[in-house]
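Undergrad: Protein sequences appear in the order of chains A and B. Going by our numbering, 118 is the number at position 118 of the first sequence; the sequence numbering is gapless. Going by our numbering, 249 is the number at position 249 of the second sequence; the sequence numbering is gapless.
Any given hint might turn out to be false.
All copies of an identical chain are treated as equivalent in the list; a pair is satisfied when it fits inside any one copy or across any two copies.
Below, a list of computed lysine to any residue pairs in the SDA-like style, where the Cα atoms sit at most 20 angstroms apart [to be verified]:
(1) 175 - 61
(2) 320 - 224
(3) 274 - 298
(4) 175 - 59
Just so you know, these hints were derived from the structure itself, not from any lab.
Protein chains: 2
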Amino acid sequence: MPIVTRRAAIIGIAALASQSAVPARGADDVLPSWRDGPAKQAIVRFVQETTDTSSATFVPPAERIATFDQDGTLWVEQPMYSQVVYCLDRVPAVVKAKPALATSEPFKTVLSGNRAAIAKLPMDDLFKILAATLTGMSVEEFRSQARAWLDTARDPHWKRPYTELTYQPMIELLKYLRASGYKTYIVTGGGQDFVRVYAEQVYGIPPEQVVGTAGGTRYGYDKSGRPVLTKEPKLLLNDDNAGKPEGIHLMIGRRPRAAFGNSTGDRQMLEYTKAGDGARLAMLVLHDDAKREYAYGPALGLPGTKVGSFTQALHDEAMKQGWVVVSMKNDWRRIFAFEE
Amino acid sequence: MPIVTRRAAIIGIAALASQSAVPARGADDVLPSWRDGPAKQAIVRFVQETTDTSSATFVPPAERIATFDQDGTLWVEQPMYSQVVYCLDRVPAVVKAKPALATSEPFKTVLSGNRAAIAKLPMDDLFKILAATLTGMSVEEFRSQARAWLDTARDPHWKRPYTELTYQPMIELLKYLRASGYKTYIVTGGGQDFVRVYAEQVYGIPPEQVVGTAGGTRYGYDKSGRPVLTKEPKLLLNDDNAGKPEGIHLMIGRRPRAAFGNSTGDRQMLEYTKAGDGARLAMLVLHDDAKREYAYGPALGLPGTKVGSFTQALHDEAMKQGWVVVSMKNDWRRIFAFEE
């Protein structure tokens, strides 16, 4: 099948958009950080055609499910996933509790602080760090450890808490969808328990609406006979790529009406969403704004990346399937709430 | 520690109940199928003390989670779990699609219709039947197969659809809790996908609030390139006993405020619920009404059972921990909606 070019797709979307009401503007604009353009129009049109009871593609409230990737879609993922930073930052505390680890790899390298060496750690070593910092404790202990880190850690580039590095246009979109009767879910390759610690406060998304990579827990009792759930190094769901629709089925049991992502790991979630009948919205955020955030692809000639790759093949599929590509540079008036 | 007797516990509950408002009666009674007594009073008191903003044990709406076992708690589980009947009933269709199975066990025995022989099938054979009837198809195919069965199958005792064999007092309780801001979940040892087929229509509980024994799915594409989720014979969560609190953490991520069960498989869920701080409600339905439903325990000298056993040890723990035991015979004015 011929691949529809980006330009043609945008023209097509704009033509469709002209048939429906334009988004609210000025003081009534619920998406003020979005510039008027095909992306914003596609969102508003989708909401209108799924919530207007006279629409042929009306969706009953119970079926209004919208799923959002997190890293790179709702908040910054460069130069390293926040959760990986968390795990590395936890290593000293883990070693303090088990001093024998100090002289064994990969803990020795992490403790050295040598960033180049840490970046080169093989995947097996990274898993050892994840297991040591994300498992072995009760779910409550993990929650308080993660919360303490979030309260104090600062992103080295912006010198701000990681929880401030959320994209203001996406926060507005979450609120707009919820105000339109959509239940908003996070569907992330990141750790489900980690994201649950802050998702309610940061995104207004409660723990039960966070689907993520999940490990098992083990039910037992502490010394005083109190029930305890202990986090186990046992992978139940690898919530990335094909794992995203699989995780959606496991945790939600309904096909989303709208899905939002930014990288190849989101491809299957968007395919699955769009394969349903009626009106469906699939969107990919393209990081093409080196000045205000980061620029990486490698689609459209943008620099490649090890984190959150948006390949040309993904871009081609987006154009072919009618997914909307959001240009951070062009479609977003403001990226962060803390901007002037 | 000394074991508190049932009588003493009931007196204790009644004493506490007298300190708070009595449940609504007459036309305003939201629980008309519950007789006035300690169980009903415990429910109403729990709701009052967790929803009254002036209460020391007030619970914010977002944290109001109530979990319900299904088989034996929300609907009839005797003489055999409905889902097992479904699986046995599906065998002819499975054999029709794969005729070679007709001469191999356990399919041969199931096709024979010999109930005594079927009841004696070992667990390994039962798993073969479950795998053959619950996996291998797309999630949509499974849904339509299960729905077709639910529309036509009849319980042999009541000659009614299985979905009518729900307990009216529990339906009222679900509605009362939801009207009080509680999110109601099913947490069942039964198959998550099976229960999701009817939970919304029967209990008002949407698919995303059904936690059950769950198998994996595999994301792929059909011949026309359309995404398909295929049900796999791979167990992700055995949602019974310790698996219930583990499943609650996986799927909900919050400790319930109230939990309802009827058998030893619910013990850990109730323990976990009650171990939280503030006001918590834990209830067990005791099947002690041979006339209107079934009588089985073997607690309190009731006959033993292979399905949904409520042991004396469970009863002892209930008394010790302050769980409320609901006597179907004494606490429920009406059991089924279809009763005169």
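Undergrad: At 20 angstroms max between alpha carbons, let me know whether residue 320 reaches residue 224 within a copy, between copies, both or neither.
TA: For residue 320 and residue 224, only the inter-copy Cα distance (16 angstroms) is at most 20 angstroms; the intra-copy one is 60 angstroms.
Undergrad: Quick one: residue 274 to residue 298, C-alpha cut-off 20 angstroms, is that within a copy, between copies, both, or neither?
TA: Classified as neither: same-chain Cα gap 24 angstroms, cross-chain 52 angstroms, threshold 20 angstroms.
Undergrad: For residue 175 and residue 59, with the copy left unspecified, which applies at a CA distance of at most 20 angstroms: within, between, both, or neither?
TA: within (18 angstroms within a copy, 24 angstroms between copies)
Undergrad: Should residue 175 paired with residue 61 be assigned to within, between, both, or neither, using CA atoms and 20 angstroms as the limit?
TA: Classified as both: same-chain Cα gap 15 angstroms, cross-chain 19 angstroms, threshold 20 angstroms.
Of the numbered hints listed earlier, the single one contradicted by the structure is hint 3.
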